[in-house]
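Chemist: Go by the hints and put chain A onto chain Z.
Number of protein chains: 2
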Amino acid sequence: MKLQVYADRVSSPSRAVLLFCKLNGIDFEEKTIELSKGEHLSPEYAAINPMKQVPAIVVDDEFKLNESQAIIKFLVEAFPQVADHWYPKELFKRAQINSILAWYHTNLRRGTLNFVIHSTFAPVFGLPLDPEAAAEDEKVLSGSLAHIESFWLKGDGPFLLGSSQPSIADLGLACEIMELEVVDDGARERILSPHQKILKWIDATKNATQPYFDEFHALLPQVKQTLQNKI
Amino acid sequence: MKLQVYADRVSSPSRAVLLFCKLNGIDFEEKTIELSKGEHLSPEYAAINPMKQVPAIVVDDEFKLNESQAIIKFLVEAFPQVADHWYPKELFKRAQINSILAWYHTNLRRGTLNFVIHSTFAPVFGLPLDPEAAAEDEKVLSGSLAHIESFWLKGDGPFLLGSSQPSIADLGLACEIMELEVVDDGARERILSPHQKILKWIDATKNATQPYFDEFHALLPQVKQTLQNKI
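Chains as they are written, first to last, in full-length UniProt numbering: chain Z, 1 to 231; chain A, 1 to 231.
One chain only, chain Z, in its complex shape:
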């Protein structure tokens, strides 16, 4: 199966897909679509993903798919070498992972993405920062972190749902929280430090996915530096 992954490593869902491929020995060609240059808005890219978002994949030059969760679930089924812990076949465990992934969109993703845009990223797209909106986003984000901590990190194992090995939910949510690497240190510290269990779980996810985790997140400190130089 020939696989092309259209991605920008600055996007959390892109990183989750890239990491998943690397961790499972899935051969792919990485095609970078630079959001900051508006490459996702080009007619060429719209022909690959009409939603004009990253990531997207093209399989065998024919089948196109977007939305990171759909992509990763497709890869789980398409590549038999993927270990069961990523997306267990067991009915109840898989249901809980699906529940976390559905929850993610309107909670953790909404909070993090909007906070990062309103507090830090807006100028990249020619928009002003919006501290008032950022404060509202921070509430959604902090509430989401508290929820993860209280409900999905209360088991025995180091991963979500008390598992001993990471699942695609750990991967997706950890990549999302890592997005805070681009905001200023004070804000990041303020948001994350009340959640020590989250920090411990992120470390466990990092350790379980090295060296790729660091490889795919290496861009973020550079982006942060570039943004700070612009202010």
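Worth flagging that the hints you see were computed from the coordinates, not collected in a lab.
Some hints here could point you the wrong way.
Pairs of lysine-lysine residues, derived as DSS-like cross-links and limited to a Cα-Cα distance of at most 25 Å, are as follows [said to hold, decoys possible]:
no.	chain 1	residue 1	chain 2	residue 2
1	A	Lys37	A	Lys52
2	A	Lys93	Z	Lys64
3	Z	Lys93	A	Lys89
4	Z	Lys89	A	Lys93
5	Z	Lys93	A	Lys2
6	Z	Lys22	Z	Lys206
7	A	Lys93	Z	Lys2
Chain A stretches covered by chain Z per the calculated footprint, using a threshold of three residues with CB under 8 Å from any CB of chain Z [what the hints assert, rightly or not]:
no.	region
8	101-109
9	151-165
Which residues of chain Z face chain A? A partial, calculated answer using Cβ under 7 Å [as the list claims (entries may be wrong)]:
no.	residue
10	Leu35
11	Gln69
12	Lys73
13	Phe74
14	Phe79
15	His105
Ideal Cβ positions, reconstructed from N, Cα and C, are used throughout, including at glycine.
Modeler: Same frame as chain Z, but now just chain A:
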């Protein structure tokens, strides 16, 4: 398997789960959690779904699951009588359905839910209507309808992805759009009439899922009447 479905028929995701059960001959007990009475906020319900949202299910008095998409995917696997067209096992078709369902959260759901709240429902929760926010929500909603029409309704069959029979994506998205039954006729007409393909597809979905579709949507005109009497 003993199944309890905690739902309020005024909630689109609740209706999708209830309809899915009925259409597939899945035996369940419907437990009504009235959102307008704040029943979802009670400690008793929080013990069932800590997110304090509907729907949620309890299986065999033990396993609790929330998020409608996770619930429906669980039921697909748990009940062997569910016909394949609802969530095809075929890899590429299933991937496309997962992609639509992931897209739904931050596009169609966001637009519809926020529009309905800001234009109509806010007073139920003691909040003022917000025409400015509603206008923004309407843009998200109309853009989502246009996207469905251009990309997923361009095939030969009457259902999403050009299928000849409905899938769980048809069910989820149609139930969401039906939420517009509670807003005033002028607004509903303004939003839906530019999208004749959407109207035709909703009719196809209704017809394929009767008499249950009408049964589970019968509450909406009553809710609309109650809301209008309050204004």
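Chemist: Look at each hint and say if it fits the structure.
Modeler: Comparing the hints with the structure gives:
1. Lys37/A with Lys52/A: Holds - the C-alpha atoms of Lys52/A and Lys37/A are around 13 Å apart, at most 25 Å.
2. Lys93/A with Lys64/Z: holds (11 Å)
3. Lys93/Z with Lys89/A: Satisfied, since the Cα-Cα distance of roughly 19 Å is no more than 25 Å.
4. Lys89/Z with Lys93/A: holds (19 Å)
5. Lys93/Z with Lys2/A: holds (18 Å)
6. Lys22/Z with Lys206/Z: Satisfied, since the Cα-Cα distance of roughly 14 Å is no more than 25 Å.
7. Lys93/A with Lys2/Z: Between Lys93/A and Lys2/Z the Cα gap is close to 18 Å, so the pair holds against 25 Å.
8. 101-109: Coverage by chain Z holds for the region 101-109 of chain A (6 residues, Cβ < 8 Å).
9. 151-165: violated (count 1)
10. Leu35: The hint is violated - Leu35/Z has no Cβ within 7 Å of chain A, the shortest such distance being about 16 Å.
11. Gln69: Given a least distance of 5 Å, the restraint on Gln69/Z holds.
12. Lys73: Since the shortest Cβ distance to chain A is 5 Å, the answer is holds.
13. Phe74: holds (4 Å)
14. Phe79: Not OK, violated: Phe79/Z not within 7 Å of chain A, min 11 Å.
15. His105: holds (4 Å)
Checked against the numbered hints given earlier, this structure breaks hints 9, 10 and 14; the rest are met.
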